[in-house]
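Following the hints, complete the assembly by docking chain B onto the known chain A.
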Amino acid sequence: MPIEPAHQSADDPRVTLDRELGVFEPVPPYPPRTEREAEFYTLGDGEMFINMGPQHPSTHGVLRVVLKLDGEKVVDLDPVLGYLHRGVEKLCENADYHQAICYTDPLEYVSSLFNEWAPVLAFEKLMDVQVPRRAEYIRVLSSELNRIASHALFLGWMALDLGGLTPILWSFIERDEIVDMLASLTGQRMLFNYFRIGGVNGDLNHDFMSRLGDWMSRATVQIESGNALLNENEIFVRRMRGLGTIDTATALRMVMTGPNLRATGVPFDIRRAHPYSVFPELEFDIPTRSEGDCLARYLLRMDEIKQSLRIIDQCLHNMPDGPVMAKLPRLMRPRPGRAYAAVEGPRGQYSTYAISDGTDQPFRMRIHDPSFIHLQSVGLMMPGHLIADTMAIMASLDPIMGGVDK
Amino acid sequence: MTVVGRSWNRLTVPGKLIFAGLPILLVMTVGLIVAVILLGGPVLDVLSDNVPILRFVVAITAILLITIPTAFLIIYMEMKIIALMNLRIGPDRVGPGGSLLSVVHGLKVLMKEDFTPTGADPIVFTWAPVVTYLAAVMTLLVIPFAPGFFGQDLNIGLLYFFAIGGLSVVGLLMAGWSSYNKYSLLGGLRAAAQVISYEIPLTLSVVGVILLAGTLSLNQIVLNQGGWFSNWYVFQQPLGFLIFFIAATAEANRTPFDLTEADSEIVAGFATEYSGMRFGFFFFAEYVNVFIISALTVTLFMGGWNAPFPWPWDITLALDPGQLGVMLLILVAVVPLILTVAFAAPLWMISARIKGWQALLGGFVLANLFVVAVIGAVAYVGLDWVAGLLWFLGKTYAFVFLFVWMRGTLPRVRIDQLMDFAWKWLLPVSLLNLFVTAAAIVIVDSVKS
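So the protein sequences, as listed, match chains A and B. All residue numbers for the first sequence refer to numbering that gives the first Met the number 0, where the first residue is 0 and numbers rise by one. All residue numbers for the second sequence refer to numbering that gives the first Met the number 0, where the first residue is 0 and numbers rise by one.
For the record, the hints were derived by calculation from the structure and aren't laboratory data. Where hints are given, some of them may not hold.
To be verified - In silico DSS-like cross-links for lysine-lysine, where the CA-CA straight-line distance does not exceed 30 Å:
{"id": "1", "chain 1": "B", "residue 1": "111", "chain 2": "A", "residue 2": "72"}
{"id": "2", "chain 1": "A", "residue 1": "72", "chain 2": "B", "residue 2": "423"}
{"id": "3", "chain 1": "A", "residue 1": "72", "chain 2": "A", "residue 2": "124"}
{"id": "4", "chain 1": "B", "residue 1": "107", "chain 2": "B", "residue 2": "181"}
{"id": "5", "chain 1": "A", "residue 1": "326", "chain 2": "A", "residue 2": "124"}
{"id": "6", "chain 1": "B", "residue 1": "111", "chain 2": "B", "residue 2": "15"}
Here the structure is a predicted model, which is why all the values come from computation and not from measurement.
Pulled out of the complex, with its shape left as it was, chain A reads as follows:
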């Protein structure tokens, strides 16, 4: 009941309300703009809206999903993006080629090196730069470490979204060790800003190598023990198996890449399909699984960790001597032209399309981010499942909102 302002003393904490607040009203203040919007925001019999995010504990950042529920069953959903939009592509167009790289770092902040690698590769193609072999090996080494860190984090979040408390802290130990050693290599713990056009920022140092050797000696055991907590857990496996299944044709239609595609049985890995850097020289397998459900996506990532360890081992054995940076002019003005480069990241294909107009800034730059692409398919996977499963499906796709909103 509204309180009359006349009776309200100045220090009364109660606020005068002229209308009922407090319950989430998802209908936009504008009339629906599309048929889809009109259909979604009309409630059927016994249905209700529930607003998940942007402050929900397990939407992996600031994703907001408006769910249309029938009891606990999800009937339909409407993801609302853009809470973390920073306009990275436009920012890159107003910076010179060196500066553009550091804007791409915070896109997917758990796998920064891959975000850097795609624009660096594109710019190198624009400028015809020959990267020294040692630099290439260091790039592969550090980025595979970053892939393990990212997958370890995925494992933890996956378990946390299913209600397990322990795996996230165990996997954070893994991630912390890797991030610490990368910090001693690159100087930062999270947004490394390590790759440069024509090489990397600094050579391998003693601190990094000793930490890496120390970690490599027990990495396999640690990761196995972390996995054993979930892989043999009946509750976990029962919840994940057959959940959020997507078949190969649909996955290809939704432009999925990376582990999410490989979990449907397509052995597509850019490191093999369109080789870059020194990957043709390295031996590793492309793990695939045919089920296409959440469990397959989870197990596939765990297999990838083992392959990454193999690659790191080979990098350490084959590391050539030499410079880590090509000789380049300080101010770069590539010829007018266009270049496209893609790398295989922990979530899929990170790629950059850059157009040069002959000045020292990219004329246009477009970033393809796997998180955004994968998030599209939640509309296909979630309806028909329960609320608890929406979180599991979301976690199994492993989106990072920094990359989704760019």
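What follows is chain B alone, placed relative to chain A:
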């Protein structure tokens, strides 16, 4: 308007009642003590004529008071044990080993703002935590802690336990409905579905024990399990024990069945809109529930306060300190000194690096421990209830540890899996258990007679 007046106006109606009632209670208690001291006989006569009422009041007060340290202890156990399982350190700042952190949590909860969201039903919203908390606490009344240590020995104790324990779902449903929040509503309805479903296997699983014991009185059930540990009902009812344990976990909303407050799905479930001490009551009720289901498991299946073996020696200690006379004073003055020096001497001799005062300090600590151990041993042998309480609490906290362990290890099940498990597995299995038990009893009886 003064500060006091303003604060008074902000209190809810129950708050005003409690604040008005507390001084009256205090005056009455002090008055009773003064009256006993001054008047002596007549007052004590009145009290001794009404022992059942007095016993009831004392039991209620003791049970209300015992929940607070119990909840604090279990919260601390949970924080520390899960931290160790997570390879963290856990609380280590407040008190020795962080043991006072849960007390600080309690104080924090008391000092926080207590608000009701717009649109909530204030009366139901206020009473929901009270219902949940009291439903949990009142079940403690029938649990036998030790020989002679129980609130009331009801002959329908087990029935009372399930009847009152089942009330907690009313509180959760009230909280979920009155919060005016869809997450709360989902949590409340989940609680209703879950607790009511698991009530059935829970109750059916103990019917086997009731058949074996022939009574509903928890005290009698414990007495039936005396002697060697093979008399415990867990060995005659292993299936019933398993069903009971699983269903009790669901009943108390503990991992892996903590769907009512699944934080990764429905934020905090029924407690989403609660803050301050109202949330504190829910929090307390959860941990008291853990203690209660552990205690009931121990009582029904693990022999309650019985030791796993019968005490082999029949020792009667007849110590009367009055007989010693003046010697008592001399002993009190001399024995601590002698003990301290006796324990300090080997410490001092063991290493040259230990200084004299350090050795004395260590000796003092060791002497105290020795005295405590001796007194404890004497009490264990001489007093039934000390031994019983020790065994009961030991077993109960072992089960509490099991619950904490499960929380650290297991993920959460889904609501449909939860329901399937209750109706498709637990219910048929508990019926089978009941059938087998009844048949076995009939056969054994007919063979004997």
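For each hint, the structure was consulted:
no.	hint	verdict
1	B:111 x A:72	violated, 36 Å
2	A:72 x B:423	holds, 21 Å
3	A:72 x A:124	violated, 49 Å
4	B:107 x B:181	holds, 27 Å
5	A:326 x A:124	holds, 15 Å
6	B:111 x B:15	holds, 18 Å
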